[in-house]
Structure formats: C-alpha cells, structure tokens
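Here the structure of chain W is known, so what remains is to put chain A in place on it, guided by the hints.
Number of protein chains: 2
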Amino acid sequence: MSQKTKTAITPIRSENYPEWYQSVLKAADLSEHSPVRGCMVIKPWGYGIWENLQRALDGMIKETGHQNAYFPLFIPLSYLQKEAQHVEGFAKECAVVTHHRLEKNKEGKLVPAGELEEPLIVRPTSEMIIGHTFSKWVESYRDLPILINQWANVVRWEMRTRMFLRTTEFLWQEGHTVHATKEEAQEEAKKMLQVYSDLCYNYLAMPIICGEKTPSERFPGAVDTYCIEAMMQDRKALQAGTSHFLGQNFSRSCDIKFRNQESELEYGWTTSWGATTRLIGGLIMTHSDDDGLVLPPKIATAHLAIIPIVHNEEAKEKVFSFCDHLARELKKVHYAGQPLNIIVDKRDMRGGEKSWSWIKKGVPLRLEIGPREVDAGQLSLARRDKPHRETTPVSAHELPHRITQILDEIQDNLLAKATAFRDQNTVKIDKKSDFYDFFTAKSEDEIHGGFALCHWNGDPAVEEKIKEDLNVTIRCIPIGAPEEAGKCIITGEPSTRRVIFAKSY
Amino acid sequence: MSQKTKTAITPIRSENYPEWYQSVLKAADLSEHSPVRGCMVIKPWGYGIWENLQRALDGMIKETGHQNAYFPLFIPLSYLQKEAQHVEGFAKECAVVTHHRLEKNKEGKLVPAGELEEPLIVRPTSEMIIGHTFSKWVESYRDLPILINQWANVVRWEMRTRMFLRTTEFLWQEGHTVHATKEEAQEEAKKMLQVYSDLCYNYLAMPIICGEKTPSERFPGAVDTYCIEAMMQDRKALQAGTSHFLGQNFSRSCDIKFRNQESELEYGWTTSWGATTRLIGGLIMTHSDDDGLVLPPKIATAHLAIIPIVHNEEAKEKVFSFCDHLARELKKVHYAGQPLNIIVDKRDMRGGEKSWSWIKKGVPLRLEIGPREVDAGQLSLARRDKPHRETTPVSAHELPHRITQILDEIQDNLLAKATAFRDQNTVKIDKKSDFYDFFTAKSEDEIHGGFALCHWNGDPAVEEKIKEDLNVTIRCIPIGAPEEAGKCIITGEPSTRRVIFAKSY
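Residue numbers (our numbering), protein chains in the order written: chain W, 955 to 1459; chain A, 955 to 1459.
In isolation and in its complexed conformation, chain W is listed as follows (with noise of 0.2 Å):
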C-alpha cells in the first residue's frame, strides 16, 4: 500500500465509519445536538438540503393530485387506542403530555400542574387523528378518493439516536388516502413509492431497490409495506421511504364509511406514506468521501463557491468586484426550477482555507479567483465529484452558458458511482455458509455484507433467526423481480423468488 494520503475527514471511512459519518455533518455544518435527548439541531446549511428536497417532493405529491393540510400534533390516548396493532406499535415510543400548566410547589419549584383529564400522545404518526376528520369528510362514493398530504414534525422516543438518520424528533411529510375500492388504493399506495423512488434517483443521485416488506416488517396495522431501500457505502441497508396499502383497518376504527353507487354502507379503503429527514442522512452516505460531504446538484444548498484570491489591497477591489458580476450573472441561471446559489467567499482566510471549507460543505463546483484569472478572463473550474486539484479551463464568459450542463454532468456522474457501487455490492447467495461467511467480518471495524439476493421460504421463524445469528434482515421483496425456483437458504425448502438481506440502518 502507498502512504496515506492526507484527507479533510478523520477517521476516513474504512477506519471506523459510524465516526466518520459524525465527522462529516460537523465539517459541513449540517447539524448538532441539542440539549433535548435524541433531538437535533438541523442548521442552516442542513436545513438547506431539506427545503430543496421538500420542494422537489411537494411538487410531485401536487402533481399527482394531493393537496396539503395540517392536522393537530396531539392525538388523544383514546384516539391512538382504537387500533389495536398501530397502538401496540408505538406504545413504547411515545411522549406523552400529561398536565397543561407550571406552577410553584411549596418550596418554590416549578412543577406540572393541570392534570389533564386525557393524557396526549405527541403524535408519532397521523392515521388515527387524520382519519377521524377524514370520517367527517365522506359520505358518499362522489367524496372519494381524498388525496391528502401533511408536511409535519413527529415523535418517537428512540433509545439510540444518530443524527438523520434516527432522532427523536424528526421532520417529514405523511400522505393519507381514502379509496372507494381496493384496486385503487394498491395502485395509490405503489404510485406514491413510484414518486419517492423519482424523487431519490433524480434529485438525491441516490439509487434504491423499491419492494415490499415482509409481514414481521409491516407498518403497524398495515395490509402491505412498500419500501425504497438504499445501501449506504458501509453497504448496510437504508429504509428511505415507506408507502402502506392500510386495506379497511384504519377505515374500521375511524369508521371511515361512505355510500356506494348502490347506496350501501361500505368501508374506505386507506393508503399512507411518508419520507423523512433521514432522507439527508442516506444522501450523505451515499455520496461522501473522505473529504467531507458531497451534494448532488439538485438539491445543493449552494451550487458554487467563489473564493477571491488577493494578497493585496491593490487587487482586491478588482478581483471582489470581478466575483460579484460573475455571481450576478450566474444567479440569472435556472436550475432545477430555481435561481442558482452562488456563493461569494469573501472572508479574510487564506484562499486554501477557504477552499476547503467549501470541500467539506460539498459544494459541487469551485472557483479560486485571482487578478491573473480577472485579467485574462480564463478560470479554473473544480468539480466536487473530481480529485480536488483536478481543473477544468472555462473562459468567465462561456460560464453562465455552460454550468447547468457541467452540474447535470456532476448529478449524473453521482448516480452512476453510487449505482456501480450498490451493483457491485449485491450478490445472489445460494449456500447458507457463504451466506453466512458474506455477513461475518473478518476484524471488528471491517466494512463488509451488502445486498444478498437469495431464497426463502416465507417463514417468520427464519428471519427471526437470521437477525438473531447475524443481524441481518429481509430488507424486501423486490417490485418485478423475476419468477425464478429455487431453494431457501436456510431450510433448503422451495421458493419462487429471491428476497434481500442485508444489515441495515
């Protein structure tokens, strides 16, 4: 091995990656804790990517005909309760607010007062407090479908938290839908997967296998699961998006109910589906290195970083004003339906400096201009997805034209290596000893498994013994595989189809 290049990001990715990951939203200023446990702090150049995500997403749940709404964030114990499986499911994660006011006890403390009469359930998902008011909204056949999404904060007390990818709190969006037939809230609940995968592949250059989850799997009170399942770069398994066909279940305990064609009393048929904040921790897995954090274009908090480079004061009124009319011309330039965000660094710091914070930040394309580059008109172009030293030549006034294709070109180039990558890391197992073998590390920190397509039987009992052994689970059943016989890898009985483990997030 050749000696160990210097990098931007300590420890690097194959030393010990969980750290690695911290080390990254730091560098980038993406978030921190709080002083709430397992809640975090999203700062603003995190909060960044999650507003251009929600407005690619917003956009496609409004394109295929869902209108948003906000529903109450305290979903009464009684309400929570009238679902016996969806209460059982979160019944151990949720915060609770049991009195509404402070007062002053004897010694002069503060301390819950106002019992309440009903305790409240901090809402750790809608179905039972939307689907009550969705009782109110139908009556007949003519009502339907109801189309709903909230974009909202939830609860879940977690145990251990990782920053994005599992807090207490977290941010997402829910969709909720009533159906009059059944068909037709199957093919709600696979359309909407359909619009998280587009949303990962073309915004988030995050590639994902969409499936369905198996029954130990399911979303509490759930008929079917679907999900969309990506592998991070420690080739584990990231859950990025769910979409449930919830059959009359939550119909039956909403009483949901509407009158048919034929004036009969029928029950709704419901779907919901949600995406979340953890979506900015998959796309840093997916995408970064170990110099920090790597943004596809489309979702880029900013797309470029100018970083003046004067050693004078003779020049810098040069060079600075140089910088301001090319980022004013750039900013007339449309990208992914928005203005680009074009960044001036004009803070007193050495130009190295400078230039690496812009690395670790992830900016996808870099510019270090100095008065030779303002007077020949000629700049050095630096591409986040290139080796950092790596230019290209562009005249300053060829930029404004060229940029959306060189940003494309970087989108594209990130969805083929995190592609590559998962394809390379997912293979079909036949054998129960190199499955077995393919999910053991051979040291402690060793990044090793990845996507194993193999047979199975179908049976609980075999899952449940494979996340005992190895902890490693059926991240799905993939959409349009196909049919094939063979043998389940445990049991050796026969199956039709292969499935996916893998450990996961």
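Watch out, some of these pointers could steer you wrong.
All copies of an identical chain are treated as equivalent in the list; a pair is satisfied when it fits inside any one copy or across any two copies.
To be verified - Below are the EDC-like pairs computed for lysine to aspartate or glutamate, each with C-alpha atoms no more than 16 Å apart in a straight line: (1) 1340 x 1243; (2) 960 x 1244; (3) 1300 x 1097; (4) 1090 x 986; (5) 1058 x 1047.
Because the hints were derived from the structure by calculation, they are not lab data.
Frame of chain W, contents of chain A only:
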C-alpha cells in the same frame, strides 16, 4: 330600510359578527375543529393560503439576510426557567411532557409510563432553546450577526380559542438574531416589523399600524415590543405580528457571549419576531363579506374558477374542451411569482350552485361558460370584489394578456376598501365621556368603537382602569406619529403624543 337581501352567509356581520366569522370559515371549507381541545384542522383551502403567505414571507426573510434552520420541539423545564420574566409569562399555558411511553396497568388500561427525570415543555416560543444553541455558535464579534429563522408549530394552552385567531397549537415563523451592538439589534427588530408591514400591505391587502407596545403589553422578557395592528370589520384590533428587541436579557440567561474587537467578553444583543396562522384570521375578517370569504389575489389559493354550464351531453364535450384549453393557456401566466391556479369545475351540479360555492370560497375571478360563450369567444368575467351579478365582457383570446392586470386591480381595491374602513373608524378623542361613549355598545350586539387616538400620561394604572371599565387596551404607540402636546384622556395630565386605544382579539 329596503327588504333584506339574500346572502350566502347567515348570520350576516351586522347581526352576529363572531358567528358570521365561524360561518365564513365553514362555507369556504377553510378549517374545522379537531377532537383535541383548542386545536384545529387546517383544510386544503385554508392551508393553500398559508402556503402562499409562507412563500411570500420566507422570500422577504431571506432577502433581508436570514437563513432557515430547525430546533427541537421540546424545551427542558430547566432551560425555560432561566429567564424569570419569560417563564412567568408562559407557565400558565404550557403543555408538559412527563412520560415517554405507554404501558398496560393491572386493569389492562393503557397509561403513561417511563416518567422523565425532567419534564419537557412543548415550545410556546423558542428563545430558550435557540438561545442555548446560539451560545455555542458565538465566540467572536466576527461570528455576528447571527440571523436565523424557523418555521414551526408552537403550543400555548389557551382557555378560550377561536379558529385561526387563537388556537392551542398554531403554525408560525420565529426569527431569532444576535448582534454585537444595541443599535444594530434595535434596527433589526424595526426592520422585521417593516417586513411584516410589507407582507400585510403587498400580499394580504391588509392595512396596519406599526407601533410599539406599552410596558404592560410587552413580550415576557423583552425590552421593547413592536407590533402591527390591523382593524377588523367589527372595529376591533388584531395584533398581526410582533418583533422584540430583547436587549441583553436572553443573552445573560442563555450565556451568549462574544469577544469584541478589543478582546473583551460582552453579552450579545438579541431580537426575536414572529408571525402566525393568525394572519389568516385577520385576512378573513378584513375582506370577507356577507357572501363569504374574499381572498386578495396575491395569496389566493386559486385565482379563477371556470364554471362550464352544460344542459345536454352534446354541448358537454365542446364546452369542457374549450374550458380546459382556456385553463391551460391561463396556467402559463405567472402572478406573484407563481403560475396562476385555475380551477375548472366540472362537477355535476347546477351552474348557480357551483358559482355560489366559489363565491363563498373567495376566488377572485369567476367565468360561467356555456355553448353561447364558446361560439362567440366572448366571456363574462365576474369579480369577487364586485356585486355577484355584475360582470365585465372579455374575449377569451385577450384574457391571458389582461388577467394579471385585473387581479392587480382587485388587490388594490381590497386594500383601498380596507384602508377607507379603518380610517373611517379611527378618531381622535379628547374627552373622557366621549371615550367611554365610543367604546360602549348601544345594544348588546351592536358593532361599535374603533381606533381611538388619545393622549395618555404613561401610567400603567390608567391602562388597568380602562381595561377594567371597557375591556379596552392601548394597542400601540404608533411609530413616527407626530409629537403633539395634549392631556391624558383619563387623568388630564400632560402628554406629548397620542396612542391607539381599542378593543382587541
């Protein structure tokens, strides 16, 4: 008096203003009560207004140099307590989380379990959690100013709630900034008040008065509270946004310190400012009439409702395709930075019924289109700011070129009308008996009062007395009002300028 005209809303404003307001909300399908005490459901038609308002305000907040971020929903009790006045102001209306899971008790009933060591307060406002975070962001004067905004939900346990105007949970943005000098922080607080004022005038067509609160009406912990006050059609004032200069109060309690240019440690100077979903309530009460909601075009959920009128199947295809084509052309037009939102109402209902539904929903423009209109290419455009039978002829061909101008006219008309109403009901009063008369209803439900510009000696006891006697408060000391020698309306003591007294929401 002439015979009573038939109106779409009952009761009408002059009969029972509070009930009229509830009826308008219902008829426009803006919102509804939820099963959670004091919390509302914002339905798509209402949420669309919020989205437009958010987009406009978010743009202005960013243009003035602020960045969005996100902070936790929960505030540990010990943090809220750090500022004595602040916690006192909010202690009576705090939702308190005391447990983090649910478990079955001996009777099999689900009850709160997992008591927290320290109760968490659902944020009523975020000064204390954001201030704590800022204390870690600031080291030197070079880190200042910090200019942050957050879009979030907040909870204040209100005893008497009214949809949009006062709800237990509401949506808002809260800006929080830190500055190196007192002057800069004061300027920031005033600048953001001006942003709110611009939002009201330019988007909501809602005239407001910019002013400063008296000490008794200040935000808990603030040095100065600035506000915008609007007049509703029952002549009561609505506080529509506030901006606070917090001095060094919160910096001291949150330990926000920085090294100045002389390397000395100093406390930062902070501000905070917020505007909420209450603005939608203000909007409704400013413009709506006895036929329902009236929406200013710049924040309207939709701009035009096209209502095909067909009496037989044969005409249907021709009329529908004409309407669809017209809608497509109009959707290419941008207004207030967004494509026009055009509705083609193909519901199988009588034309009159459809038209009335859009009148009640406040859509600025309506077009009823039948076979005759299609053949002639001549349309009759109805405007929500004119009597419902009045229409203007316009050719289908011209409409895409004229529509933004017509929308601007409506926008201007609404502002002019609201301004005239406010001015008609704003009076200078110099005699105590006149003052008491002005604020006393002649009959139980009579709409009376308005803004009374009066002299005041600056004594909180006078405010207290007037509040007790008449339920009237000083809404604000108008900014930029001329100095004028006069005598306090109650005590006769000398005063240098007039303040605004009014009943309020």
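Status of each hint after checking the structure:
For a Cα distance limit of 16 Å, the shortest separation of residue 1340 from residue 1243 inside one copy, 11 Å, qualifies, whereas the shortest one across copies, 62 Å, does not. Within a single copy, residue 960 and residue 1244 get their C-alpha atoms as close as 9 Å, which meets the 16 Å cut-off; across copies the closest is 72 Å, which misses it. With identical chains, the CA atoms of residue 1300 and residue 1097 are at most 16 Å apart between copies only, with a shortest distance of 14 Å across copies and 57 Å within one. Taking identical chains as interchangeable, the C-alpha atoms of residue 1090 and residue 986 lie at most 16 Å apart only when they sit on different chains, with a minimum of 10 Å there against 42 Å within one chain.
Taking identical chains as interchangeable, the C-alpha atoms of residue 1058 and residue 1047 lie at most 16 Å apart only when they sit on different chains, with a minimum of 14 Å there against 29 Å within one chain.
Hint violations for this structure: none, all hints satisfied.
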